[in-house]
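Sequences listed follow chains A and B, in order. Residue 1 is where the first sequence starts when you use our numbering, and the numbers rise one by one after that. Residue 1 is where the second sequence starts when you use our numbering, and the numbers rise one by one after that.
What the hints contain is simulated information worked out from the structure, not anything from laboratory work. Be aware that a few hints might be false.
Calculated cross-link-like contacts (lysine-lysine; reagent style PhoX-like; alpha-carbon spacing at most 20 Å) [as the list claims (entries may be wrong)]:
#1 K52/A - K23/A
#2 K195/B - K52/A
#3 K61/A - K195/B
#4 K306/B - K233/B
#5 K366/B - K5/B
#6 K365/B - K233/B
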Amino acid sequence: MEPGKYYDFPVSSIDSGKIFSQKAASYVPQIYGENAVGGTQVLMLAGVPFSKLGLPELPEKSYASTAESIQHTLYKGMIAPIVVLAGLFYFVNRSQRDKD
Amino acid sequence: MSEAKPVGGKVFTGPFLFFLVITLIGIYFLAKRFMFGIGAVTNMNDGFPWGIWITYDVVVGTAFACGGYSMALLVYVFNNGEYHPLVRPALLASMFGYTLAGVSVFIDIGRYWQIYNVFLPWYTNFNSVLLEVALCIAAYIAVLWIEFSPTFIEASSGTKSKVNKLLIFFIALGILLPTMHQSSLGSVMILAGHKLSPLWWTPALPLIFLISAITMGYTVVIFESTLSALGLKRPFETNMLAKLSLVIPILLVIFLVVRFGDLLMRGELGLAFSGTLQGNMFLLENILHIVPLVILASASNRKRAKMLFLAACCLMAGGLLFRFNTYLVGFNPGEGWNYFPAIGEQFITYTIISAEILLYMIFVKKLPVLPGHEQAKV
Numbered sequence: 001m002e003p004g005k006y007y008d009f010p011v012s013s014i015d016s017g018k019i020f021s022q023k024a025a026s027y028v029p030q031i032y033g034e035n036a037v038g039g040t041q042v043l044m045l046a047g048v049p050f051s052k053l054g055l056p057e058l059p060e061k062s063y064a065s066t067a068e069s070i071q072h073t074l075y076k077g078m079i080a081p082i083v084v085l086a087g088l089f090y091f092v093n094r095s096q097r098d099k100d
Numbered sequence: 001m002s003e004a005k006p007v008g009g010k011v012f013t014g015p016f017l018f019f020l021v022i023t024l025i026g027i028y029f030l031a032k033r034f035m036f037g038i039g040a041v042t043n044m045n046d047g048f049p050w051g052i053w054i055t056y057d058v059v060v061g062t063a064f065a066c067g068g069y070s071m072a073l074l075v076y077v078f079n080n081g082e083y084h085p086l087v088r089p090a091l092l093a094s095m096f097g098y099t100l101a102g103v104s105v106f107i108d109i110g111r112y113w114q115i116y117n118v119f120l121p122w123y124t125n126f127n128s129v130l131l132e133v134a135l136c137i138a139a140y141i142a143v144l145w146i147e148f149s150p151t152f153i154e155a156s157s158g159t160k161s162k163v164n165k166l167l168i169f170f171i172a173l174g175i176l177l178p179t180m181h182q183s184s185l186g187s188v189m190i191l192a193g194h195k196l197s198p199l200w201w202t203p204a205l206p207l208i209f210l211i212s213a214i215t216m217g218y219t220v221v222i223f224e225s226t227l228s229a230l231g232l233k234r235p236f237e238t239n240m241l242a243k244l245s246l247v248i249p250i251l252l253v254i255f256l257v258v259r260f261g262d263l264l265m266r267g268e269l270g271l272a273f274s275g276t277l278q279g280n281m282f283l284l285e286n287i288l289h290i291v292p293l294v295i296l297a298s299a300s301n302r303k304r305a306k307m308l309f310l311a312a313c314c315l316m317a318g319g320l321l322f323r324f325n326t327y328l329v330g331f332n333p334g335e336g337w338n339y340f341p342a343i344g345e346q347f348i349t350y351t352i353i354s355a356e357i358l359l360y361m362i363f364v365k366k367l368p369v370l371p372g373h374e375q376a377k378v
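Just chain B, with the same shape it has in the complex:
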């Protein structure tokens, strides 16, 4: 197995500058938000008290950041050490994804200076789903930085650090925490009740969210690995990805059986063909789950980098749509309420995404994250 090595090379490249510019535009809107309040930059209202900052940055963002969680599950729990080279880059993306989701919550909360109250035990409301999500995500951000810390140690000392018992505890905790809060992100929308279309409202929502999150984890690993190979001009890790991608169709079948089984049991599937926006979005969401299932069911497709990447893109769009549908499209707070994200609001989200890409670029170039390749030495 090849050891992880810094990629090296120049940090200030074309794509780097592009994302830097977007980040700077977003910082302008962020300044506006903190000076004049949430109303100055967003279209959120009393009917839609959450917008894309929660739906994309937190709900979709943490699902896309499940790479570290899914890989840890595969490598440490199911004991497939061969995938170990994929763990560290996945962990890095998870670390940024979750950290920036935490930052987004801070931006989204109206009275952000009160946020410390969430962590005061004497104010704890054990009946609150949202509190569970908040504490779990906060704890997981800390766990991710600890899990990633050996990389910093290796970079500064130049030697490979040994995994000790304490780190094993944190790896275990790093599997438990996402299981808890990714399912709770589904429980949160159970509270929406009749305001959420029956196409998405179900007591099985926590289970569906959890299966989807684990699936997203593997999908994102394929997506990132392909993009790093292209962007950093490294060889594709197609052999390893081909084997890994077998997990996805299995998870997708479980996902679709639970999803459609639940709809059939509740007798709400007819709504999908009602021709409304919600019905059509439901169909699109599921097409984006079924197409990658068909692609990845074939062994020859799994060995082709292009097909793998195509399936990963489809599935990420499907996972994204599933979450947008549950949190925004399927949500109807009553007559007269509308929501579409304002430009400033959108740019803050683009900034979060850009910042993540920028940090990823800097980290893989400066720290031993990606597996070293013999070709790289030439």
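Bound-form chain A, shown alone:
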């Protein structure tokens, strides 16, 4: 929609047949919340920059997915922890043998 141009807007419901012609107001061409932190359930349109409404600027990648990819890399199939445990067992055993 172009700001300033007249558009027909359906009233009551989309198929009501009733139409209301109105000038489109100027707006920020962005749907806030569509892709933010992976996409949220709250979508917003605004006529002023979103930061002026106290809304934080959010990246597209969700923070949970950052934490999840760290966890999944480290703990995939518990292979890394088991290998580390085996290594630790070897070292502890060696240090005890040295003592005896």
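Use these hints to put chain B onto chain A, whose structure you have.
Relative to chain A, chain B alone:
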């Protein structure tokens, strides 16, 4: 090497009674919490769903309880058997630190009677960082009691028990588990995203938390050893501590390089000088890391009990502040939310600390924990 011996002596001393009184006041607030709910004693709210019980009792508490972990790493993995006399007291403090962190979680959880669900495998969510922390800490508490169990056996039988293969497995597990959950305590705050100031929010948070936890472990060993020497009128273990304390500046350099390297790479260091509360707390936190680094970098300082203790105190304050900053000060859930711990809430935390000190006092006097000294016989 001197064998560990019970210190002996009276249990009911002045300091003991002081901590006992604090514990009793805390028990009053605990009763209130369990009768009327969390809202009756705390200032936690929907913006700040965690307060000092998690930030101090769990996050700082388990970091301060890393003595057992750090010493095991040094003695068993890097094979420095000479530090063995420091392992048992460190393990004891770790055991209480972690056990009481577990107790704190129980107090902090709104519907504590549901807590057993965490341990039911068919409800496990493998994508949850918090679940990993919960299971790891629970497992580690059990491992610590097992690792400490030879002390009970020695106390009752009077003979030194031999380390068997099963115990070696638990010692190894006791090194793996803290590595996992101390780093995950950092991963938890990655989830806070934009609510956490960029001074603390970084994907490197798990690594920074882990390095800090290991550093805290050695620091606490020095702190505890000095305090036990003063409190129980025992000779200072300065020679051993002097050698041990060399590890700390090395770890601190790694910590600061990772911390500042990460900030520079993300271009967020400017925030430190913004003059805001967060900026100033960041500066204070890092001063408390740099001062002990300067003190301990000098070999002559490392040989002086006073300087060692001063550096340990600074660094513990720094580690404490780093965790408070990450979990509370740097956290801004949005307009209109405030949090400052209520009196009752604070007292429950003081109780946790006091209970730990009380138990430590009883255990070192009754069980063979601290290394025996020739002077003690006179």
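Exercise. Of the numbered hints stated previously, which ones are contradicted by the structure, given in increasing order?
Worked result: Hint 1 contradicted; others consistent.
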